[in-house]
Amino acid sequence: MLKKCCVVLIVCLISFTQASFAKPGNLAEKQILRRGNGSEVQTLDPHKAEGVPASNILRDLYEGLTIESPDGKVIPGAAESWEISDDGKMYTFHIRKNARWSNGDPVTAEDFVYGLRRSVDPATGSQYSQILAPILNAEDIISGKKPVASMGVEAVDDHTLKITLKAATPYLLGLLNHSTTYPVHRGSVEQHGEQFSRPGKLVSNGAYKLKEWKVQSQIVVQRNPMYWDNDNTIIEQVIYLPIEESSAELKRYRAGELDITGGIPTNQYSWIMKNLPGELHVTPTLGTYYYGFNLTRPPFKDNLKLRQALSMAVDREILTEKITKAGEIPAYGWVPPGVNNYSSQSLDYAKMPKAERIKKAQQLYQQAGYSRGNPLTVEIRYNTSENHKKIAVGISAMWKKNLGIRTKLINEEWKVFLENRKQKKLTEAFRGGWIGDYNDAFTFSELMQSDHGINDSGYNSPEYDKLLEQAATESDLDKRRSILESAERLLLKDHAIMPLYFYVTKHLIKPYVKGYQPNILDHTYSKNLWISKH
Amino acid sequence: MLRFTLRRFLGAWPTLLILMTLAFFMMRAAPGGPFDTEKTLPPEIQANLDKKYHLDEPLLKQYGRYLLDLAQGDFGPSFQYKDYSVNELIAQGFPVSLRLGGTAILLAFFIGCLLGTIAAIRQNTATDYTVMAAAMTGISIPNFVLAPLLILLFAVHLGWLPAGGWNDGALLNTILPITALTLPYVAYISRLMRSSMIEVLRSNPIRTARAKGLPEHTVILRHAMKPALLPVISFLGPATAGIITGSVVIEQIFGIPGIGRFFVQGALNRDYTLVMGVVVFYGILIIAFNFIVDVVYALLDPKIRY
Amino acid sequence: MVTAKDINALQSLNSNEEIKGRSLWSDATHRLKMNKAAVTSVIILLLITLMVIIAPSFSPFSFDEIDWDLISTPPSIANGHVFGTDAIGRDLFVRTLYGGRMSLMIGVIATMVSLLIGITYGATAGYLGGRTDAIMMRIVDILYATPFMFFVILLMVFFGRNIYLIFIAIGAINWLDMARIVRGQTLSLKRKEFVEAAIACGVTTPRIILRHIVPNLLGIVVVYVTLTIPQVILVESFLSFLGLGVQEPDTSWGALVNEGAQDMEIAPWALLFPAGFLATTLFCFNFIGDGLRDALDPKDR
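Protein chains in written order, with my numbering: chain F, 1 to 534; chain R, 1 to 306; chain E, 1 to 301.
For the record, the hints were derived by calculation from the structure and aren't laboratory data.
Treat the hints loosely; a few may be bogus.
[As the list claims (entries may be wrong)] Simulated restraints, written as ranges between beta carbons of each label pair: (1) E:P60 - R:T127: 43 to 51 Å; (2) R:N204 - E:I43: 33 to 41 Å; (3) R:L6 - F:E379: 55 to 63 Å; (4) R:T218 - E:K33: 55 to 63 Å.
[Claimed, not checked] Computed far set for chain E versus chain F, every beta-carbon distance over 12 Å: (5) I53; (6) P56; (7) I71; (8) R90; (9) N216; (10) L218; (11) L242; (12) N258; (13) I266.
Ideal Cβ positions, reconstructed from N, Cα and C, are used throughout, including at glycine.
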């Protein structure tokens, strides 16, 4: 009960600060926001959607039990408060009495149950439902072993929702603003079937409703007057433009056709800093750019020294200063800094001076059986992209200079690349990148489990797997944290991967767009923004 | 003439069938499937998706199913844009591409023929050299250089025209992309027209016409134009295919929701149905266009008999 | 007024002609030599070709060497990077020349492929006419109606980024244009008197195609070849634009121009030098083509 009071108090505080924040004096007459949004979204069905562009739009359309404040803190969304049982396995959410769908129907606990069940139902074909694994029985339902109704979610009454977990999961509240947990309007889904997510048919419970969707052209969302917090929404309309080319995006931004970009062309970083001062917002995010070594084939199989030598021979500071440029952080660990409840781990040589590092790398390289006269020939595989290309060229030059390695660069189109990476029959060294799904170390740690789908290095350490199993059931936060940290140290010691840098997000934002606050997950709700007179 | 037309028309069907078959099996042979993502799907979900899109059936059965659906005008659901059917996507994208490509080819044809004729009449004069130099420049600059150049100049610096977007085909939005798409083809066509016009102007019928003392413009318009157009007409078939390809670049750079962009995205994402749909659709279109070109050619050149 | 000297000259010319006779080709060469633009183009093109082959070995830099301290620097005599450096600090002079090797190779090989197939195919179809023509052109139509990129993207997928297969692929597609144009031209040629005369004399069909049709096609074919080489080079650059071009650290003019076009405002040299070479080469091909056309034109004798 005490916990609940605290939550309510925090809620009040936040809504006060928000309210005072959100009453700016000099609003522009036209409150239309134009956001560059990367590639075209594949679907607006929240349970099938994946990828950043779709999530951005869905965050405006739907509201999960929790949402995030502009600076990225988890705050109450469709649920106004909640209680957590002492063992951390049972969550009771109180849905807002004034929450409404865009057609006026009340949002009930049943809608959430329907949504969550639909997400894990194999018949839906959700490509992201595995993220709900912490919920009781979800995993078994996804793999078809248990019926959908056995999921640990229950509507106690119209406004009370109970979620039962498999084990205590500290990141659950953050997870509940992921699109797989969004409620959907049962009536319209059942009426329209596959087409329920079209303009004119989509019923949503967020601050906006879908107005128009022209594939590869634009998606327009319009203020939802039924939204419970509609009084505080200022932006009337948001236009999402799918623009993949960042240089094309920059031109449209400069021509005044965009208010917020999804990224920037890295080569033009210094030009932007000089010519568009104050408009570039760079924020560290939960993402790691790395190279994997295929541990199931020569030359990297059972060759720790070689992997270590290659890893040490790469100057990450040069990569981030000269290639990525925009403030990416050189990575010596797997889990990015800034994760809740976690402190960053790093490779043992991180503190070693550069010259010494290279010397050590050369020694290891020789011990691994190679030399300048008998150099290693290695392939780097990467998927088509300007940045990946530059990184690969840079790394191959460093390997050549420091160790005399001959590198062959193989640039593959995404699907081919994925297939080769997964099969592990051709790959030697390959490019990888991972953006965390939620703010917890586990979203990174789990990738390196021996049976995980993205463990394309083929890292197979029983010790590591055991540590992760322990962490999954550990309810004591401090213990869990130290288990995950030691797992990362093990991974780094084994050099299964070579972390290169931690991602940052880069947005150009027009000075008249107000209310933007950087946050680590890069979630910007349009309802928190407004356009001042300009 | 009627028989020729009819035969051509009937002949187009097997062509289309072969094309479709080729595309279908090539696409399926490509590594990677439509639902492959970085994450590995749980087998149960993979199986469900495969079942839903009939990917679990033997390939020949899928092929038969596809043909049957196609016979009813149904291109199937898009694998990538899960909320849409391929028919809807083509219906959305085609008018855009048609407007873009159609305008481009018409403009290229008229301007190209005009410039080519002028250059031919004024052969080896300053006018000729200027036109040909301009044409060569047009050929030598790739689309993807020309387009950003135009955007930088007219949209970013001068602010006269939008830098991208289609905006439902508003005139202002179409000017830059159409220009970028048209210029290289104006160049090609004016060169072709010039050389063929020069050849025709030296031919005996024209000499005779001149000898009769007909005014120069009559000679050119009434007598020389028709035969001189033949190579250009021949070129229109390839030019159309080229403009389709070129419009992929233009659609990409200007963010235009045309069919070319769907195609590239579809191919990269193994959206079997979308790619097949575009291939078949364009196949029909190109065959139809070539057919028209053939008929026009036959009409213009009385020496050809079938 | 005709001087004695002139008459002498004319007479010697005449007698020369009588003794040696003048073939179509020696005549054409002579005429081509009179065309200043064409001759200049030949010289420039030879220079570029030589430079592309020889010059990289004289440069102190290698095409894949990175200087991390000179990222995207403008041309400078002082540091030896006369064309400047690219976005990862590689010497653009050497890369432009290396790219030239690749582009010229692609252009020539692919055009040769298309030429061989296209002329034979088109002339045969056009000359034989009737059912053979219909079937042959139907096949061309089928290949035509395969959107080109589809074909190339699939090839990339099947064979990885094997550049030599790309040449063949481009060439194998371009012959379609060639075949159609040649066929169209042949259709009108075959009604001409000299062909009918040859038929009347009982000359065999392959011989008619080779000796009478093909030489008369050369005008349009040459014009078309000069359009094809640059076209092929451009197609390669289009592939580079889609990210399907040559594999790093190799490069081509297309790839360089594409990279340069992205940053044309901040690093114009990265666009201007490769684009300059590309455009000059294409210009030269075109001038040579025009010169050849005029020189070969039998009606202008």
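Verification of the hints:
| no. | hint | result |
| --- | --- | --- |
| 1 | E:P60 - R:T127: 43 to 51 Å | holds, 48 Å |
| 2 | R:N204 - E:I43: 33 to 41 Å | holds, 37 Å |
| 3 | R:L6 - F:E379: 55 to 63 Å | holds, 57 Å |
| 4 | R:T218 - E:K33: 55 to 63 Å | violated, 38 Å |
| 5 | I53 | holds, 24 Å |
| 6 | P56 | holds, 18 Å |
| 7 | I71 | violated, 5 Å |
| 8 | R90 | violated, 8 Å |
| 9 | N216 | holds, 45 Å |
| 10 | L218 | holds, 41 Å |
| 11 | L242 | violated, 8 Å |
| 12 | N258 | violated, 10 Å |
| 13 | I266 | violated, 5 Å |
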